[in-house]
Amino acid sequence: MARIVVMDRESSPEVDLRSDHARRQSGPQSAPLSEMDLPLHRTYYPLGYSVEIITNETAVLEAAEESFGHIRFPREITPLQIRIGVSHGASTARLEEPARRQYNHLYSLVANRDNQALIDMRAGISFVWLTQSALSNRLYFRNNFLEKTVYLLLGASAVTDIHAACVSRNGRGILLCGDSGAGKSTLAYACARAGFAYTSDDTSYLVNNSDEPRVIGHCHRVRFRPTATEIFPELVGRRLSPRMEGKPSIEVPVCELSVPHPSEQADIHSIVFLARMEGAACRLIRLPDGTATYRLCRQLYSSGEIRAKHEKILKRFWSTPAYELQYSGLSEAIEALDSLTREL
Numbered sequence: 009m010a011r012i013v014v015m016d017r018e019s020s021p022e023v024d025l026r027s028d029h030a031r032r033q034s035g036p037q038s039a040p041l042s043e044m045d046l047p048l049h050r051t052y053y054p055l056g057y058s059v060e061i062i063t064n065e066t067a068v069l070e071a072a073e074e075s076f077g078h079i080r081f082p083r084e085i086t087p088l089q090i091r092i093g094v095s096h097g098a099s100t101a102r103l104e105e106p107a108r109r110q111y112n113h114l115y116s117l118v119a120n121r122d123n124q125a126l127i128d129m130r131a132g133i134s135f136v137w138l139t140q141s142a143l144s145n146r147l148y149f150r151n152n153f154l155e156k157t158v159y160l161l162l163g164a165s166a167v168t169d170i171h172a173a174c175v176s177r178n179g180r181g182i183l184l185c186g187d188s189g190a191g192k193s194t195l196a197y198a199c200a201r202a203g204f205a206y207t208s209d210d211t212s213y214l215v216n217n218s219d220e221p222r223v224i225g226h227c228h229r230v231r232f233r234p235t236a237t238e239i240f241p242e243l244v245g246r247r248l249s250p251r252m253e254g255k256p257s258i259e260v261p262v263c264e265l266s267v268p269h270p271s272e273q274a275d276i277h278s279i280v281f282l283a284r285m286e287g288a289a290c291r292l293i294r295l296p297d298g299t300a301t302y303r304l305c306r307q308l309y310s311s312g313e314i315r316a317k318h319e320k321i322l323k324r325f326w327s328t329p330a331y332e333l334q335y336s337g338l339s340e341a342i343e344a345l346d347s348l349t350r351e352l
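Take any residue in the sequence shown, count from 1 to its spot, add 8: that is its number in the working numbering.
I should point out that these hints are in silico values taken from the structure, not numbers from a laboratory.
A quick note: this is a predicted structure, and the numbers were derived from the prediction, not measured.
Do not rely on the hints blindly, as some may be mistaken.
[Unchecked claim] Distance condition first, Cα-Cα at most 27 angstroms in a straight line; then the derived BS3-like pairs of lysine-lysine:
hint: 1; residue 1: Lys156; residue 2: Lys323
hint: 2; residue 1: Lys317; residue 2: Lys156
hint: 3; residue 1: Lys156; residue 2: Lys320
Throw the hints in and build the complete structure from the sequences for me.
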């Protein structure tokens with residue numbers, strides 16, 4: 009490789025004048041995103057909010073279409089921009105789940121030196137660097153970089169994500185809460201089969217600027233744990249797919265299932281914490297005011313000023329009726345929730 013050294017007469021430092029071509033050939037990590045030409049762009053509406061994807065690869069837009077193309081209606085928000093630069097240099101680094109680090113409003117996703125993202129959630133700015141090998145693994149890219157970046161920015165500006173499923177009946181929405189494995193997705197889908205409106209499986213998004221507690225969800229799909237095939241025969245033979253945080257799941261579009269009433273949003277009238285116990289008699293136990301806010305705040309993933317903002321917003325649930333649902337079988341749990349929507 010030719011190298012020209014120029015001596016400055018006053019300070020005499022060595023200046024590397026290698027050609028742009030030579031620098032590009034030295035590896036994907038040597039080309040900063042600021043020098044990449046990102047000529048492609050398209051606007052999508054995840055959760056109904058305007059997000060413009062700016063990139064140099066059509067495959068990025070194709071992946072965004074898979075993740076967000078099912079929603080076409082806009083909500084009021086200052087449009088967000090996500091810049092994703094894809095390097096064409098070779099990379100032998102192994103693709104792993106990105107390490108996540110957060111300090112106040114700053115967030116990073118780092119899989120390796122060639123595949124990472126930096127996010128400023130206060131300013132609404134993000135930069136994603138990827139290799140072709142990371143992009144070619146479509147599910148890896150969507151789960152670990154594309155959707156993660158988009159929902160982090162929306163979570164800092166427009167919504168507060170809640171670890172809860174959501175169903176409704178008679179216009180009255182119910183959040184189904186609980187730890188991982190509590191049965192939120194299973195019960196939500198069972199309710200949907202029984203005629204409830206279905207909004208989300210295990211993540212719901214509280215609209216920050218709504219006067220009444222209102223959540224949005226991914227009503228276009230349902231995700232299950234692999235063991236759900238033992239309960240719902242229609243899931244047998246469905247392939248497993250990775251999710252964020254590496255959890256395997258069965259993800260199925262609602263159009264392929266018995267979900268007659270998908271609903272992209274619901275007004276919340278009650279919050280139910282699931283306590284599934286073998287052989288337990290089914291009963292709803294009213295919880296003190298403030299319990300829902302306290303428990304939901306404990307499950308927040310955000311930190312710093314973003315977490316403080318989310319905790320303040322979750323106080324909206326302080327006086328929303330909250331219950332513990334002790335149950336064993338799905339049919340009795342559905343009956344209890346149906347009774348709750350008639351009483352509210």
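Proposed proximity, Lys156 with Lys317 (alpha carbon, max 27 angstroms): holds, 19 angstroms
Hint consistency between Lys156 and Lys323 [alpha-carbon to alpha-carbon, up to 27 angstroms]: Holds: Lys156 and Lys323 sit about 25 angstroms apart, inside 27 angstroms.
Straight-line alpha-carbon gap Lys156 to Lys320, limit 27 angstroms: holds, 23 angstroms
Checked against the numbered hints above, the structure breaks none of them.
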